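Chain B: place on chain A using the hints.
Quick note, the sequences are listed as chains A and B, same order.
All the letters of the first sequence, read from the start, carry residue numbers 1 to 331 under my numbering.
All the letters of the second sequence, read from the start, carry residue numbers 1 to 291 under my numbering.
No wet-lab data here; the hints were simulated from the structure.
Hints may contain errors.
[Unchecked claim] Per the computed footprint, the stretches of chain B lying under chain A, defined by three or more beta-carbons under 8 Å from a beta-carbon of chain A, are:
(1) 114-124
(2) 173-179
(3) 212-223
(4) 250-260
[What the hints assert, rightly or not] For each label pair, taking beta carbons as the anchor points, the in silico distance ranges come out as:
(5) B:R174 <-> A:L251: 37 to 43 Å
(6) A:G238 <-> B:E178: 50 to 56 Å
(7) B:L34 <-> A:T45: 56 to 62 Å
(8) B:D244 <-> A:A72: 38 to 44 Å
(9) B:G144 <-> A:T184: 45 to 51 Å
(10) B:R116 <-> A:R68: 39 to 45 Å
(11) B:L16 <-> A:L322: 56 to 62 Å
(12) B:L34 <-> A:H85: 34 to 40 Å
(13) A:G164 <-> B:L16: 32 to 38 Å
(14) B:R116 <-> A:Y66: 17 to 23 Å
(15) B:E178 <-> A:S287: 36 to 42 Å
(16) A:L189 <-> B:D244: 27 to 33 Å
(17) A:R68 <-> B:V29: 36 to 42 Å
(18) B:D244 <-> A:P324: 52 to 58 Å
This one's a predicted model, so the numbers in the text were calculated from it and none came from an experiment.
No residue lacks a Cβ here, since even glycine has one placed at the ideal position from N, Cα and C.
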Amino acid sequence: MSFSLIVRRVAGAAALFWLVVTLIFALVRMAPGDPATLLVSPSATADDTERLRAELGLDRPMAVQYARWAGALLRGDLGESFALHIPVVRALADAAPVSLALGIASILLTFAIGVPLGLAQAMWRGRAADRIATVATAAVFAAPTFWVALALVAFFTYGAATIGLPAWMRLPAFGVRTPGVSLTGWADLIDVARHAILPVATLTAVGAAGVARYARTNFADVLGLDLVRAARARGASGARVLVRHVTGNALPGLVVLFALTLPGVVAGSVFVESVFAWPGLGRLTLSAIAARDYPVVLGAGIWYAGAVIAANLAADLVLPMLDPRRRSTAT
Amino acid sequence: MKPRSGWSTLDRPSQLAVVALGALAAGAVLVPLLATADPLAIGDVVARKLLPPFARDEAGGFHLLGTDRFGRDLFVRMMLAGRISLAVGVLGSVLAAAMGTVVGALAGWNGGAIDRIAMAAADTVLAVPRLVLLLVCAALWQPGTTTVVIVLAATGWMGVARMIRSEVAAARVRPYVEAAGALGVPTLRTLWRHVLPNAIGPALVATTLGVGSAVMLESGLSFLGLGIQPPAPSWGNMIAGGRDLIVSAPWVALAPGLTLIITVVAATILGDAWRDRLSGEAPVRALADRA
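In isolation and in its complexed conformation, chain A is listed as follows (with noise of 0.2 Å):
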């Protein structure tokens, strides 16, 4: 791919994230009410409310609020959270770690399992394991997440201790540690993982079920090529045909399936933290958004939003590294 190829690419993912955060920005301005009503004790007087709008720049007209948001956005600086009263990037700072641990190995288990799953499904197209794994999966993806964590919930509590299954197999369903008792070295680590089984699981349940009923058509449509039927008439082992001809083509359709699922990852999900109160970018969105902690909401959005085109670029950069054909200029 030519240098000035990726240079359009990146400017146009710039772009993108400008007007994304334009939008944003408009969005919080169009909404009702006034922020400084908000911040304000409750037995401020109307100058009070006046200064503290002055001192937020609430007074100035709206272009010149504007550019100084988005002056204040490329260095780096998203403002207070009016909640916390610390940095907005230092609030997510603080709840992004816990989120990209949860993300990293529901992304990890969800391709390990959804990809063999979708190609086992598409090798025996129309068997009956296929059928029941293409109802399988359509079910689980159908269910919503906070159903899906809810029914783990149930089962390792309320159904492990009816069905009476040993104590060890009923795994804690709430927090991170368990409360009131302080661990040290391998045994605290132990009880975070215990702790991490039902949420990386929720995840994991949700995630593969979705990889593999994309990965089952993306790989029936590489099997069903020509060039394939041609290695196997050639006499080409089924492995060889898989490593050689199969792998290569149904590889830039499971790299936008990563790079759709990538930012997830970095953003945490606010419905497997809220369910299982995990403290990340997921909670800490929802708790700002009951607080009306704008600047954290918008903060969150702004890095989700840009977790999203940062992976669709990486994608559109990767992409003709895999695939000769889009290697041209024309788009």
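Okay, now just chain B, sitting in the frame of chain A:
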């Protein structure tokens, strides 16, 4: 080429999906009307609260899915919630498609600056995950049924807009459109009679598939307390209502999810089957909406 139509041309899964959606819609309308007990009223709480599925209460009333913490029948409430959840899902998806059709037709027909602005707007909204947009909007405006429908439409129009745009742009240069123009047919009438009927197929598929994701998103917002507000029941807020009982009476939270899953699966099957007839491509983006 006109797609074949009629019941017998549907494959088995599609037939099941039609039956399931029909039964759910009928149940949502009829069950609360026929139920002996008022699904919103709270009766003898002590005797009737948290009965498990298939239980009978002290008066002999049968509870297919059990009762909630106030002794209200979950099956009847679930069907009542179906009215709101299905209506919001269908309305949100149809409004989104209508908006997308208008934007796409304008962009495709006029081209030039209008086209570029419309498509830049579509790309911008597409770059933000739909759930994030929904959360931001829900945070900024008063949560409620109207807000949910408007926000679903405002965040769901882009796919249809792009499809209609490319179809309209392609149809615009066809001889029959030129002929219509030469005969002095007004532009709007040309669009409506000659261009859109050829472009509308993929948009209808997207609408059908959109019902599933709209129902899902509504349930998510309502689960988080940002969508349909109790006491009006929706599937999402019913699941939220049973959340703190999940370790002691899990059916309260899990039961309303069953109809939700059936609805989404059925809408997906129908949309997929329809798309296969028109041979479009799979909407990968649905995967990204599942944060």
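Here's how the hints hold up against the structure:
1. 114-124: holds (count 3)
2. 173-179: violated (count 0)
3. 212-223: holds (count 5)
4. 250-260: holds (count 5)
5. B:R174 <-> A:L251: 37 to 43 Å: holds (38 Å)
6. A:G238 <-> B:E178: 50 to 56 Å: holds (54 Å)
7. B:L34 <-> A:T45: 56 to 62 Å: For L34 (chain B) and T45 (chain A) the Cβ distance comes to about 59 Å; the hint holds.
8. B:D244 <-> A:A72: 38 to 44 Å: holds (41 Å)
9. B:G144 <-> A:T184: 45 to 51 Å: Because 49 Å falls inside the window, the suggested range holds.
10. B:R116 <-> A:R68: 39 to 45 Å: violated (28 Å)
11. B:L16 <-> A:L322: 56 to 62 Å: violated (39 Å)
12. B:L34 <-> A:H85: 34 to 40 Å: Between L34 (chain B) and H85 (chain A), where Cβ atoms are some 55 Å apart, the hint is violated.
13. A:G164 <-> B:L16: 32 to 38 Å: holds (37 Å)
14. B:R116 <-> A:Y66: 17 to 23 Å: holds (22 Å)
15. B:E178 <-> A:S287: 36 to 42 Å: With Cβ atoms ~59 Å apart, the hint is violated.
16. A:L189 <-> B:D244: 27 to 33 Å: Distance hint for L189 (chain A), D244 (chain B) holds at roughly 30 Å.
17. A:R68 <-> B:V29: 36 to 42 Å: Since R68 (chain A) and V29 (chain B) have Cβ atoms about 54 Å apart, the given range 36 to 42 Å is violated.
18. B:D244 <-> A:P324: 52 to 58 Å: holds (56 Å)
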